[in-house]
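So the protein lines, in turn, are chains H and E. Anchor point for the first sequence: position 113 equals 113 in the UniProt record's numbering, and the numbering is continuous, going up by one each time. Anchor point for the second sequence: position 335 equals 335 in the UniProt record's numbering, and the numbering is continuous, going up by one each time.
There's no promise every hint is true.
Stated by the list, open to error - Okay, the calculated bits of chain E under chain H, using three or more residues with CB under 8 Å as the criterion:
#1 60 to 67
#2 92 to 104
#3 264 to 271
Think of the hints as simulated: they come from the structure by calculation, not from any bench. The structure presented is a predicted model; accordingly, all values stated were derived computationally and were not measured. Cβ coordinates follow ideal geometry from the N, Cα and C atoms, glycine included.
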Amino acid sequence: MAATPHRIRASRALTAVMTLALVYAFLPLVWLLVSATKTQSSLLTSFGLWFDGPFALWDNVGETLTYHDGVFVRWLLNTLLYVVAGAGGATALATLAGYGLSKFAFPGRRGVISVVLAAVAVPSTALAVPTFLLFSRLGLTNTPWAVILPTMVSPFGMYLMWVFANESVPDSLLEAARIDGASELRTFRSVSLRLLSPGIVTVLLFNIVATWNNYFLPLVMLSDPEWFPLTVGLNQWNAQASTVAAQPIFHLVVTGSLLTIVPLAVCFLALQRYWRSGLAAGSVKQ
Amino acid sequence: MPLPPRVVAGVLAAATALALTACSSGTGTPSPVKPVAAGEFSPGVAEALRRTSTITVWSWTPQIADIAKAFMAKYPQVTVNVVNAGTGNDEYTKLQNVIAAGSGAPDLAQVEYFALPQFALKKSLVDLSGNGVAGFADRFSKSVWGSVSIGGGIYGIPQDSGPMAMYYRADLFDKYGIAVPKTWDEYVAAARKLKAADPNLYITSDGGDAGFTTSMIWQAGGHPYTVEGTKVGITFAEPGTRKWLGVWNQLTADKLVDTHTPGWSDPWFKNLNAGAYATMLSGAWWPGILESSVQSGAGKWRAAPMPQYTVGATATAENGGSSFALPKGGSNPLVALGFAEWMNTNADGIAIWTRGGAFPSTTAQLTDPAFVNAEIPYFGGQKVNQVLAEASRDVVPGWNYLPFQVYANSVFGDTVGKSYAANADLAPGLAAWQQQCAAYGTKQGFTVTAG
Chain H
1 MAATPHRIRA
11 SRALTAVMTL
21 ALVYAFLPLV
31 WLLVSATKTQ
41 SSLLTSFGLW
51 FDGPFALWDN
61 VGETLTYHDG
71 VFVRWLLNTL
81 LYVVAGAGGA
91 TALATLAGYG
101 LSKFAFPGRR
111 GVISVVLAAV
121 AVPSTALAVP
131 TFLLFSRLGL
141 TNTPWAVILP
151 TMVSPFGMYL
161 MWVFANESVP
171 DSLLEAARID
181 GASELRTFRS
191 VSLRLLSPGI
201 VTVLLFNIVA
211 TWNNYFLPLV
221 MLSDPEWFPL
231 TVGLNQWNAQ
241 ASTVAAQPIF
251 HLVVTGSLLT
261 IVPLAVCFLA
271 LQRYWRSGLA
281 AGSVKQ
Chain E
1 MPLPPRVVAG
11 VLAAATALAL
21 TACSSGTGTP
31 SPVKPVAAGE
41 FSPGVAEALR
51 RTSTITVWSW
61 TPQIADIAKA
71 FMAKYPQVTV
81 NVVNAGTGND
91 EYTKLQNVIA
101 AGSGAPDLAQ
111 VEYFALPQFA
121 LKKSLVDLSG
131 NGVAGFADRF
141 SKSVWGSVSI
151 GGGIYGIPQD
161 SGPMAMYYRA
171 DLFDKYGIAV
181 PKTWDEYVAA
191 ARKLKAADPN
201 LYITSDGGDA
211 GFTTSMIWQA
221 GGHPYTVEGT
231 KVGITFAEPG
241 TRKWLGVWNQ
251 LTADKLVDTH
261 TPGWSDPWFK
271 NLNAGAYATM
281 LSGAWWPGIL
291 ESSVQSGAGK
301 WRAAPMPQYT
311 VGATATAENG
321 GSSFALPKGG
331 SNPLVALGFA
341 EWMNTNADGI
351 AIWTRGGAFP
361 STTAQLTDPA
371 FVNAEIPYFG
381 GQKVNQVLAE
391 ASRDVVPGWN
401 YLPFQVYANS
411 VFGDTVGKSY
421 AANADLAPGL
431 AAWQQQCAAY
441 GTKQGFTVTA
451 G
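Make a model of the complete structure from these sequences and hints.
What follows is the structure, given as structure tokens:
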């Protein structure tokens, strides 16, 4: 496996490029970490990528969690609710629908798949205002339902599950289960679900990230800060600096942003091994 | 959404008239208005405040919660439910949505002056000219009253105002031996001298901001927008705009103005704290921003009148400022009106938010010796409010915003912003802006003449 000199040169160039990419990807994170340790005044007077002034991280965290009667905690809980109900629901629906479309032949199946594929192309931002008008008719705007219900629809997730079910659940296995007398539900629960789990985790991760970061939908749907998720709430804090009689709290916005990415990072690290084990599925003919 | 906007001159929508006043008739002529003394409510409002009620108020003013608390202490029957539905455009998007949907509108909403015509001319707001509000004219400075008087109706109770002044770093001017500029020619000369002395210094910052540009054209005596009912004229080829461009193009082209740092961003605040900008041309609310966000500049800043195009002139313009308006569909217009009145005309109400750094718009405050002669420590003890109160009297009258200014401002960056980014002549950028606004206006059902 001795590498030729040519290959070494190439990989050096590649290493340089990758290092640059790494720095580029991590700089904002470093900035965020460093900035979260500063007070409001040193934040605005010091160099962004190095520490300055008193170490205020713990004070900042405390203040972030208690500012305005602890509204940050409320936003965090809201976000968790939207993630659990919205992203969880979207994953469940996508799994059922993808599996069903993949394994059961029924009239109109191709049509359903085409519609779903077309729906992937429609950005959810474009749908936000019509959805608002619809939900307003139903009297659901300014309630958590207005965020949860649209989030539960994930055409991309369904498409992914359809592809995944095609590749990883052999029809012959289902046949065998049916011959053994298992009901469809039983087959799904004990046989298919296990085979589908890497795909489910992938879709779940996608949905969690999308819901966690979703800004426009809750912005349009909710007017009461009591129901805001973190994204909209933090932006509101940020906007507080640019109004008449401003009360800038950049240090809290920065610390809040740092706190916001922690659960997402934990979630990713915890789920990634399930995800990775699924990446090779279907890559080799069994 | 493309409802054809119609002339609203004096015509009260029947439903509104019924909800607001039992006496006013919806016949097209405004009902005779009894003047109501400052600090007093009209009988209808006073009676409504005695009954048990709840109103929802959308506002991003940080002090609004305290104002509501003080109001509820005084009028215990009323519950004021304060909601921060977002700042500026975020709130307007929501307001437009709830009005279009026909449910969920607040009883009272904060709306900036530039956005007010958009909501007023789409008939989304209650005309307040009945019910004694028309008699409020002498309570407010002329320029803000002009801003809430739209098409013959009155669509908001003014909150704060932003007559423009020039704020400058006295220490930098002293250091480089530059006199405080009184005319725009002197301003340009000062900018060159500063740059020559220290290449890291800018005379000011302007990263391309629609509100700033329109205010500067206003100060130059420009009238790029004309609005008569549904007939809208847009032209940046008029004398006022040309006057401003004559000055500003020199500054942006030669990089004497920082055009690359977006306003209100983190680097922008850093520059302000580092003393990179020698002046700021801004509304009267600027001292509040300095005190809260540029602590390192304490003692170094001063205020002066805006530079002029002709020696001895005193023209200035409004920049920013907002009012409280009653969206249609609110459940309790009289109580909402009472709260807006109390907040913006009662001395107790005003005191709470001026303490936070807002600049008042009521004549009572603007002529109050305690306010005018206050020595502001941040400004080295300068009586800054004298300069600003003077400015509020010198605002050039007769300015119009577009009835779709919110949209116009949102596309400023895509058009004029490009000229800023390239340090190029701003005129083609303005022409592109004009074209895009005209196309949008036409689609919205206005008869637009551009050019």
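Each hint tested on the structure:
1. 60 to 67: holds (count 4)
2. 92 to 104: holds (count 9)
3. 264 to 271: holds (count 4)
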